[in-house]
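Undergrad: Chains as they are written, first to last, in my numbering: chain A, 262 to 775; chain B, 262 to 775.
Since the hints were derived computationally from the structure, they do not count as laboratory data. Cβ coordinates follow ideal geometry from the N, Cα and C atoms, glycine included. Just so you know, not all the hints are guaranteed correct.
Unchecked claim - Selected chain A positions facing chain B (Cβ under 7 Å, derived; list incomplete):
1) A313
2) I357
3) V382
4) E383
5) T389
6) A390
7) I393
8) T397
9) I509
10) Q510
11) L515
12) N658
Single-letter residue listing:
2 protein chains.
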Amino acid sequence: MRLVAELLKITAGGRHIVILDDETAGVLGVHSSDRVRVAFEEKEVIALANIATNFPKNRIGLYAEISGMLQIKGGELVDVQLAKMPESLSYVRGKIRGERLRQQDMITIVRDVVERHLSEVEIAAFLTALKIYGLTMGETEALSRAMYETGKTLDFGEAPILDKHSIGGLPGDKTSMLVVPIVAAAGLTIPKTSSRAVTSPAGTADRVETLCPVNLSIGEIREVVKKTNGCLVWGGALDLAPADDLFIQVEYPLGIDPLLLPSIMSKKKAIGATHVVIDIPTGSGAKIRTITEAHTLASDFVDLGKRLGMTIQCALTFGEQPLGHAIGPALEAREALTTLIGGGPQDLREKAIILAGILFEMVGLEDGRQRAENMLQSGKAERKLREIIEAQGGNPNVNPDDIAVGSQKVQVTSDRAGRVLWISTDSIVQIAREAGAPREKGSGVVLKAKLGEAVKKDGLLFEIYAERSSKLECALDLANGLKPVVLSKKAEEQMLLDQIPEKVASERPFILER
Amino acid sequence: MRLVAELLKITAGGRHIVILDDETAGVLGVHSSDRVRVAFEEKEVIALANIATNFPKNRIGLYAEISGMLQIKGGELVDVQLAKMPESLSYVRGKIRGERLRQQDMITIVRDVVERHLSEVEIAAFLTALKIYGLTMGETEALSRAMYETGKTLDFGEAPILDKHSIGGLPGDKTSMLVVPIVAAAGLTIPKTSSRAVTSPAGTADRVETLCPVNLSIGEIREVVKKTNGCLVWGGALDLAPADDLFIQVEYPLGIDPLLLPSIMSKKKAIGATHVVIDIPTGSGAKIRTITEAHTLASDFVDLGKRLGMTIQCALTFGEQPLGHAIGPALEAREALTTLIGGGPQDLREKAIILAGILFEMVGLEDGRQRAENMLQSGKAERKLREIIEAQGGNPNVNPDDIAVGSQKVQVTSDRAGRVLWISTDSIVQIAREAGAPREKGSGVVLKAKLGEAVKKDGLLFEIYAERSSKLECALDLANGLKPVVLSKKAEEQMLLDQIPEKVASERPFILER
């Protein structure tokens, strides 16, 4: 059927969508969510049909994605036909019914996700089914392969290529900013790509961006790694495992994360990593709450690594409280730089040394821990970070105090004396975000007392930083309500953990960082 | 944050969506799929945010739904804030985790579906989780209540109010066109609302529309029922259980139907039915394939009826082949009218008598079957249908031959002699749809040989009707490929049921009619 093309002149966020009025759709036999094949001259695309009641008859509304692909200016006659259901949709339906999918089925699904042949409704159903049924290791492997094969891959030359990844969830975890220069200073290659915060106050890319640009092209990354052995860049625009961005868009509102393993491992494979240490922060403040859970996940990572031809070691790390003191992009960059220079919190320093040490031993170097410590103490790691900052286009002579933090600041003190019994990381995250993090990079929280430390009455618990006074006030109100730092005085005062029924918003925050 | 409103001048198919560019969204702390609260003067709405990369900064793009609600003409400054996640979304997430939902939770979800506060992604995840976990009877009841309480309800006065419903899936099932006049002719009230075909060649509303208008308002329906005790109208535009339309939009691409029970029963409750006979066609040609499955479903219907205050009886009916001979809106209307007049196929006549008889006995009338037969034989049922046709605005004196069927016709004959061993209803459906049904009302298939009947070589198997020769050709090609009528000759020739691997499109057709 020939229809007149009408340009809508807006994008559909990458989706392939056209609009038909309901009568025209009826004549074509097209229902909402059916696909149509739209052909113009030699070009044709498959798009999802949205049916509208007030759209003109015998016309087809083209969002910018479709008109761009067909090179249509508006007013042309295009040929429109009902298209068949994509093969991948029958596999999605199979997964909803609980069927096992083969590698080829997964590849078909992932390719259709990337090529926008599957709608978000269909992707949502697929991910929900994966979440409920769980994935076999075979399916996880197939998905991982499909995800990196449908994107770009990098090749930094000879092995070993090292990498470090945290499954996330622990606020203040700026360890990558130390591990990368420690490893690179030892002459090993570690091309680290990181994410930006989605639900947290800071991702590594957000932190590093207060020191130098992180939005580098693949060519620029290659140059930086050639010069310095390492990099600290944002991985989001490199088209590595691009299906993951589309999966995340759907997972985010649903609060599910069934693709943790393939998502992480496909990206490691895409940058050509051969040896990866995976940090699994474990404890009440992290994504993984129990040691048992962490062990299961760790052995899955190791197994998947073998299947994909990568050597993996996992480190289960203490996750009962934020790492270091600072939470928020600039505050954390300050803390990381300070720690490289020689000060800084002991837990951060220790964690960086451990993870770098594991990497050293994975590639056959002895005394990994000692070697990592030497890189730190000798100042080699600091100099390496400055090299990387310079290579990425930042100021290599930056001092911690040069990193701008929020000009608005408030101190939160204790109304009693005691020792810190627990710190709610969820609440710290909320307060830092309310203060403006990660968008307003100088915002965040600095803890002044950590687990087990003694605090006097009216003693300092934490500081909130913000770039705007209005945000500071909101964050302070929230802090006063949430009381994230709990002191012990008498044990019996602390017996009540929670009270039910309570206010509705008791759902545990969903952490989606990878 | 104040943004300039930009009118997109197209609807989003009822969805509540606004567009923000990614920088503006970042400043607001809004991610794709987050909600924003948009306020203008005294009015405010919650809408889902779509993030675009090429949209102008500091502007908000409003689809027609939102600009209409806010009465915005374009260019006004509106206040935009990140809105909280709706409470219903935390119940959706709970269901994904396998939690049991309480009545109040279900009501909250259904209300947010109707008010468009939940996105299709979220509805898809909810329905997928319901499909996989199944619903408890308590959840089914809660959903049913929520679905009719969020829509319009009708009141036809004193009980009993009778109704008949088929769960669908059997082509050629025009039984309602006989049951309604039989029951109404006996002085009982039966306000029948029906659906149009979605995936089948004809719904009851499509069939009746070849005789009279079916798109009546609630006021008009009331008049028709007052005059004639019955009606045969389209239920789709009456706003009965409106959530169901939105659920169906999502279920259709996914090929799932987890809400069969609440969908049907909420609509029965909404029209005030007190006594309902539910037809469950059972067999290889129907939606329900086995007697065991049908029994489980039947007892769920009865149980749910009790919970909702309705008396339900289920009839498991023969579903191994199409009902009667005709498939397609006009062809079926002809057959139904012929059967009321006194001819017509025996299976259709028998089924109508049985279902009407059950309804009679449900309201305390004795000898239901005999009573139904009398209504048919005395011509009272025929006269009643003509009354209803007239009351709905059609020609009461219509004869079967007056009903226009496709002018294009082809006969399909047998290449061998034998008895009909099986008829693939799925294939018959595909052929009738390829011929133009349900959109082109005169199109369809007329079976000339049914199960067990003897056919000579070159004897007639079925006829295809179409309104256009091009469609007739396509349908004939399909028929020659599918060979929907299988004759026995020697048993060994028929041993092969299917061959695997075969072509990809082997997925069983999904039936969504309710």
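Undergrad: Looking back at the numbered hints, which does the structure fail to meet, lowest number first?
TA: 8, 9, 12
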